Structure formats: C-alpha cells, structure tokens
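Participant: Those sequence lines, one after another, are chains A and B.
The first sequence runs 1 to 1029 under UniProt numbering.
The second sequence runs 1 to 212 under UniProt numbering.
Hint data in this document are derived by calculation from the structure and do not stem from the laboratory.
Please note that a few of the clues may not be correct.
Just some of the chain B residues that point at chain A, by a computed CB distance under 10 Å [as the list claims (entries may be wrong)]:
#1 Thr15
#2 Thr27
#3 Phe43
#4 Trp60
#5 Ser70
#6 Arg73
#7 Tyr75
#8 Gly78
#9 Ala104
#10 Gln106
#11 Ile161
#12 Asn162
#13 Ala182
In this text, all values refer to a predicted model and were calculated from it rather than measured experimentally.
Beta carbons: idealized from backbone N, C-alpha and C, even for Gly.
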Amino acid sequence: MFRSRSWFGSGLWKPKNPHSLEHLKYLYNVLSKNQIVSENNRGLLVETLRSIAEILIWGDQNDSSVFDFFLEKNMLSFFLKIMKQKCGSYVCVQLLQTLNILFENIRNETSLYYLLSNNHVNSIIVHKFDFSDEEVMAYYISFLKTLSLKLNAHTIHFFYNEHTNDFPLYTEAIKFFNHPESMVRIAVRTLTLNVYRVEDKSMLKFIRDKTAAPYFSNLVWFIGNHILELDTCVRNDADHQSQNRLSDLVAEHLDHLHYLNDILSLDIGDLNQVLTDHLLNKLLIPLYVYSLTKRRRHSQLEDTKPHVSSVLSLFLLSQVFLIITHVPLVHVLASLILTGDMDIFSQGASEKLTSCHMAQGTATIKPGFVAPTETLEKSLESNTTCSINSSEPETSHTTECETASGTQVDLDPAAAAENGSVDSKEVNVNITDEEKEQRLSLENGVTPPAPPLPLAGNNYQQQSLANKPFLEMIINTLQCSENDYAALFALCLLYALGHNPGVSRDLLDGVLFLSEKPSTENWYNTLLAERLIRIISTSCQPNCRVRLVTLELTIRLLTKLVMKSGQSYLHDCHLAAIEGAKEESTCLLRNFYKSEEIFLDMFEDEYSEMQKRPLNVEWLMMDSNILLPPTGTPMTGIEFSKRLPCGEVERAQRAIRVFFLIRELSLMLAMEPEIQLPLTNPQSCVQVNNLLDLNNSNLIACTVVSKEGSKIRRFLVIDVIQLILVEPDTRRLGWGVAKFVGFLQDIEVTGDKDDSRCLHITIHRPLSSGSSMNRVPLLSARFIFDDHIRCMAAKQRLTKGRIKARQKKMHMIAQLLDLPSIVQSCPSPPAYTVLATTSRLASSRLGREPSYHRPLFTANTKVPGFATVAMRRESLPPPGRFSPTNKRSDSQERLAHSGHVVRSREGSPKLPRPRSEEIPLEDMGSKLKPRGGISSVASPAPEVNNGASQFPSRRPSFPSLSPAAPVGTTEPLPTVTVPTLEPPVAAVGNERPPAPPSEETSFTQLPSENEAIDKDERKTRRRGMVETV
Amino acid sequence: MSYAYLFKYIIIGDTGVGKSCLLLQFTDKRFQPVHDLTIGVEFGARMITIDGKQIKLQIWDTAGQEAFRSITRSYYRGAAGALLVYDITRRETFNHLTTWLEDARQHSNSNMVIMLIGNKSDLESRREVKKEEGEAFAREHGLIFMETSAKTAANVEEAFINTAKEIYEKIQEGVFDINNEANGIKIGPQHSPTNPSLPSGSQGSMQGGGCC
C-alpha cells in the first residue's frame, strides 16, 4: 500500500502523460512483474487495472496504437491469471469494473472484436467467483449485462459457439434468475431479453432446445411460489397491517407478467411456444384458473393441491389479461375461462393450443403446478453437455414431467381431475337455498326470478352456465351480498378480457359485447346485464357496501355490453331499471342537499375530480390495497373511491358521485349530451383580455394594491357570476379589456378597520380549476375606492353577488335533483327577454330539448333562470358568427332591468362547445314566471307511477311533483321499499338517521315565493356566507 | 466490508446527459478529468459516512434498457434513491424531466428520494437551462436540486451524499421500512465476512473515505 503510493508519488518510471502508449507499456511491465497476487501488491494491481481501463478508453478514442499494444501483449490473459488466484474481492471487483468500463466505453468496433476474439471473455464469464460476496456478485452481473448490451448479429458469435453448443454468457446468467437480490434478478432479465432479441437462428435454436424448458419451468415455479406467498399475505392481513409487504408482492407479480410479456412481444415463435406451454400448463391453469373454484366458504375443506383464494385468482387473472397480449396464450386462457370445464385440469391446454395452430402437436406438457425436478443449474449442465444427438426438445420435457408425476402422487394429473370434479360437486352441497335456486335457474338458462323481466330471446347466450364452472363462478361473484370485495375483481377480469387485443372478438361475441353474428345481431348477455344492473341499483341504496370504483367499473362494463358505436341496444325493461336507479340516486342525494355552503363546493369539486380522473383499470389493478377486504376508514390511506365512506361528509360525497355516474350512464344510454353539468360553463365566462362593452354598466373605479405593494388602477365590474377588473379600451369609447376575472362564489370581502374607503378582497381558486396542489388564492389584495360611499356600494354588491351566484348554482343543483320547491323561490326572467329570445331559441337551443323529455321519470320542474340562460347564450357570440346588435340590445335591456352589469364580448376568443350550460345569476327580485316553452315542464306524475308500478319491489315511489302543489307535501320519498307516500320527516328519520333534514326542509317548506326569497336571503346572511362588517 | 446500511440508487435521464460519467466520477473518482475523454460505467459502489455510520451506496445505471417495460419498472421499485439527470446545455433534456418523473413516481415506492441534477455545469458558455429553472422545477416537484459537472467533479460527491442523507433521515424518521429489502435499503451484516486485513477504503481506491 505504502509502496504503491511511493511508486506513483515518485513517478520514477512512470511517464508524465498518463494518456499515452508509454504509460500503457509501463503498466504492462507492472503487470508482468506482479503476476502473483500478494498482500503487498494488491493495491498496486488495482491501481494498474484501473489505469489500464482509462488509458484503453483514451486510446480507443484517440490513438489506435494503444489498443494494438494491449492486444499484441495479450494483456487480457493477465486478467485471467490474476482472477484464477484466490485474490479476494478487492482485486476481483476492480478487475470486473475495469472490464465493465472497457466494454461499456469502447466505440471502435474492431477494437471490440479483438477484445472478444480470443475467448478470454468467456473464460472470465465461466470463472467461479465468490458469489457470496454481494459486491462481487453485483459487479459480475453488471459485467454480464454490459456485455449483453453489446450483442448483435456479429458479436453473438464471440459468445455463442455453435459447434460446442456453448453460450456461457446466457447460461451462466440465468442461473441467477431467482437470486435473492432484486437488482441481480433484474440484470439477469435484462440480459435474457437482450439475448433473445439478437436475430441469430442457431443461437435461438440453442436457447429453445437446450435452455427454454428448464429456464421457463423454473421461472414459472418461481412465480407460482410468489403467488402462494401473496395469498398467505392476503389471508393473514385482514386488518391492513402489512400493506407494504403486500404491495411489494403485488408489484413483483406485475414485474413477472411484464417480463413474460416482454419476452412474448419479441415474437420468437419457437421460444414463445415453449413459454406459452409452460405458462398455461404449469401455472395459469393449474394454479390461477384452478383457484377460481375455491370460493371462500369451501376453503376449510382440505385441498392438497396448491391454490390461492378465488378472490386473488380473479385479481391475478385480471392482471394477466391487462398485461399479456400474446394471442395464443390469452386466447386459449380466455376460452378456457369462458367455455372450459373441469376437464382442463387433466387435459391441460394441449387441445386448445393445437387448435390455435401454434403447437405442432407433441410439445405440450402435462398440466400441474409442480416443482421442477432438478435445479436449473443441473438441467442446464445435463442439457448442454449431453451429446448433440439428443437435442430433441421433447426429451427434456417428457422426462421432466414423468418424474414429476411419479414423485408427487397427489399432484398427478388424474388425481387432479378427480379433485376438480369433487370440488365442483361440493359446490352444490354447501350453498344456501337462495343460491341453489339461482344455480338451478342458471343451469336452465333462465334468468333468476328476482326481477321478472321479459327476455327478448336471449337464451342462446345462456346456454347453460352449468358446464362452464369458471364463467359461472365469475358471474356469481358479481352478487354483492355482503360487500363488493370479490365482485370488483370479477368486474376487472371481465373488463380485462374485453380489452385484451389478443382475445378474439368471436369468443366474446354475445358474452361481453353485443352479438355481431347475423342470427343474433345486437343481442346481449342479459344475465350479465342484469347482474350489472343489480350492482348499479344496489349502489343507490343508503348504507350500501358497494364502493364507487365498483360502480364506475360496472357502468363501464355495461356500456360496453349493450352499446355499439354510441347506439344503445338495451331492452326497455333494463333501461327502466337504470332509470329507476337514477331516481334512487337522485333521492339519495336529495337528503344531502343542503343550503350549507360546503355542499355546493363539494358538488362542484366532486364533479371536476371525476372528470379529471376517470377510472383506469390498469392502475386499479396495480393497487394492492384492494386485495384486502374493503374498509371504511380513511386511516388506511386508501383512496376514497376504493373504500366505503366514513362519516356524513363522505357519505354526501359518495351520494354526489353515485348521482353523477348514474346520470352519465343514463344520458349515454339515451344518447343525449350532458348539458347541465358542469354548473359553470367556462364558455360563458369572461376570460382575461376579453373586450367588453361596458356602456351603461355599473363601473366602480378602484385602485388595487397587491400584497407586494404594487398599485394598479382598475374598474370593478360585477357580473352575474364573475368579478371582473377592467382597464379602459384605448380604441373604443365605453369598452374595456378584462385584466382579471374571478368567480363571485369564491370571493371573501372584509372591510378595513382603519380606512372606510378600503376593502380586502380575496378570491379563492376554485377547486375545479385544476391544480389541487396550488391553494394560493387567485387574488388577495386591498381595493381602495374613491370614497366611502363607493366602497360601501362595492362591498354590498360583492357580498350580494356572491350570495346570488351561490344561490343560483344551488338552484341548478336542485333542478338536477328534481327538487320541486325551488321554483318558488326563484324568479323568472322578465317577459320582454323571453319575447326577444324565444324565436332565436327555437333553432339554436333545439339541442337541449330532448333532455327535458326524458322517456321515464321526467320530473323536471320549472327551471329557475331558464330564460336567462337562453338569452345569455344568445347574447354570446356563437363560434363563427355573432350579431352585435342583438347582443347589445339584450344586454342593455337586461342591464336596465336588473341593474347588473352585463358585458358583451366582441372579438373574444371562444372555443366551440355547444353543450354549454351556464345559467347566470338572475335578479332574485324579479317576478316568478315559469317558462314552459323552454323548460318544457313535463307532467311527471303519471310517468313516475308507471315506473313505480313496473318495479314494485325495488323502485322508490314518487309522489306527484307538480310544481303547483304545496311544497311541504312534495318532499319526495327516499325510501326504496315502501311505495306509498309517507311524511317526509318520517322518511328521513327512518332511512337516513344521520342526515340532518333541517336545511332541506327549510328549502322545501317555504309557504310563499316572496317569503321564500326573504327567508332564503336571511338565511344565507345568517349563515355568514360573506363576512359583513 | 461492513456497513450499517446499503442504499441502492438508480440514475435516470435522457441519453447523453452524462449519467454513467457521474456514476464513475463518484465511485472511482481517480478518473482524472481529461478533455475529450468521456468515460462512464453502468454500475458502481462506494462507501460513505453519514452521522458516523458507514453507508454503502450501490448505483445502477438504467441506460439502454428503456426498450423493456418490465426492466424499467423493476429498477425503479428496487431503488431507495434516484438521480434524475439533465444536461444544462440541452434544453430538451430538461423538457423531458416531467416524463421521467412521472415514470419514477408511478413505478417507484413512494418514499424514494429523488435528486434533480443539472449536469455539465462546466460548460457555462453553452448553457441553455438556467439554474433558476432547475431550482423551480425541483421546488415544484419536491426534489433536491444541484448542478454538477462529472468532468470537473464539481458537486458530484455532494449530489450522491446529500441524497443518502435524505434517505438516512427518512430511515431515522421511520418512514422507510428497512426490513423490507424491496425498498432498496439493506441493513448491513454485523461484521465483515471478507478479508479483515483490508479495511474499507484503506487502499484509497474504491472507497472515497479514509485513505491513508
């Protein structure tokens, strides 16, 4: 050590330039004089090896003579000599690192070939390093990986020797396929993939004939054991104690599947055949599919065959179908699940595989999840060293299988078949009467009796599920009797089956999709549809145990099942059931409809959340948390949609989401666009830099002082829903440019104690505006007005504007919820606006008409502010055309009437978005006048009754919702079982004890319209929506 | 070589930003900066000392393996720290950070410490990405940030060591489950099984620390 230092320090023999041929020559001398590794020269050797790497790379990039010298002196042989002495990890590691650097950095191809040409590298690869040393192991495997990245059609011949059937780089590497260190395993996998993608026929033949069966059978066994471990973890963790471990195991399984898919995607026919064969017969069928039959209640029965819980097997199979797309594999697996019976455990997938034109007959192996008979290392040895003549691939397969079944009697295929049939019989023994009934009906191909729905000749799809135990199990799992724990996975599996590009459409025709066969065109699987609809209906029950994610997925599946290119083929009876569910969800939500401030924010927030984050099944299936029984507590850290609600607020949130989901489904089935949501239509809002006609508008001059102290002179305009700060337009008198816009509903105004001309105004960012992280207010500033009076006026108008903006939205929600009373507390637009707009409306607003003529259960009441919607919309220039004169007159009329500032937006950029539905705040003081022409009030009562009588046992009944009826009695019943009218209070009390009905009733029991308004406003003030000073 | 903990790192970022050079510079810093010599390596290990404890860092470069989804996925999951590298002289490498970060966040465990590194700080004249931009990006996404030069070795030590400090702190806070090796953290063996006559770093080679 000291010596090495002094050597370098003295620089006696060392050339001054470390990057020169001379320096390499000097290093060569050092190496040749220190061929025996000793305690004393270790440091020197390491330093020399390190320097060699550096100088060689320098030479490769700058001076070819350096490399020539290295090769000429065969310096790599020194490396080998050093290595073969037991030199300890210190030298070994540097040696491997030097090699790593060499192969990683060499750019010159000839140099690379020379380095590889004398087989030294292969000798290094097969050298038995001390792999118990984790550092040696890491450097060694990195070295192999680095080499594999250099593989191509030319370099492969340096590593694979056709004549000796030798490929140490690959065979040495795969011996570490199950190394405990994950990084080592990953390196091995990288290497294998790098090898497989080299296009060299003879090499690939070697891989297939000599290594594929041993490697894949071991790999599959390794994966299977991981799954058993995962199963144990799930079973033992009902209390969510080991989420970390569970999530690792799930992620690991995903890694396995991705790895398998990466291999299969390389599309190497021969290799894929062996892999598919092993996967199906040694893992997927005997373990995954077999476990489908293991419903929980039978798990007490001793089963000697390895299996996991049926829930887990549904989860794992979903992952398989979400990730792997190799056609022969997924197709065979899908058809086994959808049509197969217990025989597959004895026969395996051979038949299917043969029919799938991918297996040339003989190669398939007997099914069974069994350990490989010998270690991979041994199999590789025997395979590669045995005489070249016995290179028939089948040899290794059959011997392996025979010995397997010989040694492990209970895993014998014949026994497996027996077990399988026994199991299927036992299923019948252990079930409840109800299930038995269902089972019988399933076997007879008739839908369960519960809702006696007429079937439009769909028997063909239900050709007895009896011989399809796996499909039957999946369908039966869709019952959410206790909770939706297993149902969610069944849904996922069905979804994954339907979305896998490798599963042929033919197989799913009439099962998961509308039939396209001529004889049964547009028929759908009514049994499945009914199961899905039942989940949807169940979700609308108070305190039900169906999670939001389950509902969303159910809806997704249902639309796939019954819709084709936007067209719904749902039978009327099923559609009626959906509409019934929609009513129930509306009912459920009505109980949470409060005038409490948070309800509106929640409503809008939930909407934007759902729009921003639609369900992603792939991500859902990565979440190990759903493997644990559903909980209600947020303390597990589980996302809201994946657990049950906890507390009143979350129940309200849930009700809101259920409402949105089912509403969307209903609209989609009716092929109608959503025109009432979101509540704020961004289209109709003023944007920054819009030009506004402010003639005759109320403008309040002010100076805006920001927190940083900057002062800007602006004019404050208070629109129906927005606060706008404008700057006069220099080109047109009376016009202004919007410099800032914010929603009145998010405003907070306080006076200034010391300055009566001052207001502190904060405008919060709407939750729906996107970045939920950024909760910095949109604006927080001091506004200084010209005088005390103007300040007061501004404050009053802002405060009132906020209340009204919120009231307006609450009215819109009430309208969405068919709450009838609201109409009375709400004004209608003045008659002249109606006149001014109806004619134009007829053409332009035709698009929205249908939604007010819902086929069932239409209970729309007269809509507050409807006329203004029309007018307002008209007043906005539609994309591409606009009429300034009309607009001007509209706005001015409105202005004159309401005293509100109205702006026009000439030249403002607009996105074409016809579905917009913004109802601006109308003057609350104006007179009520229902506008039947636009809102097309349906008389809902008879239709509702129709619906109710159609589903006497399940549908809620709605009393007449006629708007003229006294409000107190029109409280719709949230009950689902009692079809008669009950006093609202009782209903609330019975059904939802936690829901405080006070606000609700105050909304619905207003005796007269004027009083309603007064009370409304009083109430809002009392609640302190705006801080008045 | 005994250690208290072993931390596994990965290095990610566009090709050509100098990932493997950073790695080599850190693990084998005797590679003297020479003009027109770029040299890197895919794997390296080094011992450092934090809080009086020996900590071994293992750094795995993931370059060239992007073609396989299974591989990137697994690498992310197995690491306790990630160095996300961009090249300050190439704007596009900075623009791709979001994608890298998304990938990392999606696949890694949530506790993984990510350090943002603007490499090639020696090439000031060709700079395309301002230091402030890197800082802002890091702040926005909750990353540690540093500008380094693999060539001059400026800040290279600090980058790796600060990341390790952060991981170490998380261990102290109990955020990391150290018994779960899938997190990229391993508790060291009590005593070194290997050659006791060669205490770590004594040769001043692989170990940056105590050189005699």
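Participant: Now look at each hint and say whether the structure bears it out.
Facilitator: Status of each hint after checking the structure:
A hinted interface residue such as Thr15 of chain B counts as satisfied when its beta carbon comes closer than 10 Å to some beta carbon of chain A; here the least separation is about 13 Å, so the hint is violated. Given the 10 Å rule on beta carbons, the hint for Thr27 of chain B holds: about 8 Å separates it from the nearest Cβ of chain A. Given hint, Phe43 of chain B at the interface with chain A, holds; its Cβ is 4 Å from that chain's nearest Cβ, closer than 10 Å. At about 6 Å, the closest approach between the beta carbon of Trp60 of chain B and any beta carbon in chain A falls short of 10 Å, and the interface hint on this residue holds.
The beta carbon of Ser70 of chain B comes within 3 Å of a beta carbon in chain A, closer than 10 Å, and the hint placing it at the interface holds. Given hint, Arg73 of chain B at the interface with chain A, holds; its Cβ is 6 Å from that chain's nearest Cβ, closer than 10 Å. Annotation: Tyr75 of chain B was flagged as interfacial toward chain A, and the flag holds, the nearest CB pair being 6 Å apart, inside 10 Å. Here the hint on Gly78 of chain B is kept, as its CB sits about 4 Å from the closest CB of chain A, short of 10 Å.
For Ala104 of chain B, the shortest C-beta to C-beta distance to chain A is roughly 14 Å, which exceeds 10 Å, and the interface hint is violated. Annotation: interface hint on Gln106 of chain B holds; nearest CB of chain A at approximately 8 Å, less than 10 Å. Of the supplied interface hints, the one on Ile161 of chain B is violated, with its beta-carbon coming no nearer than about 20 Å to a beta-carbon of chain A, more than 10 Å. A distance limit of 10 Å between C-beta atoms decides the matter here; for Asn162 of chain B the minimum to chain A is near 22 Å, and the interface restraint is violated.
Restraint check, Ala182 of chain B versus chain A: the minimum CB separation of about 4 Å is within 10 Å; hint holds.
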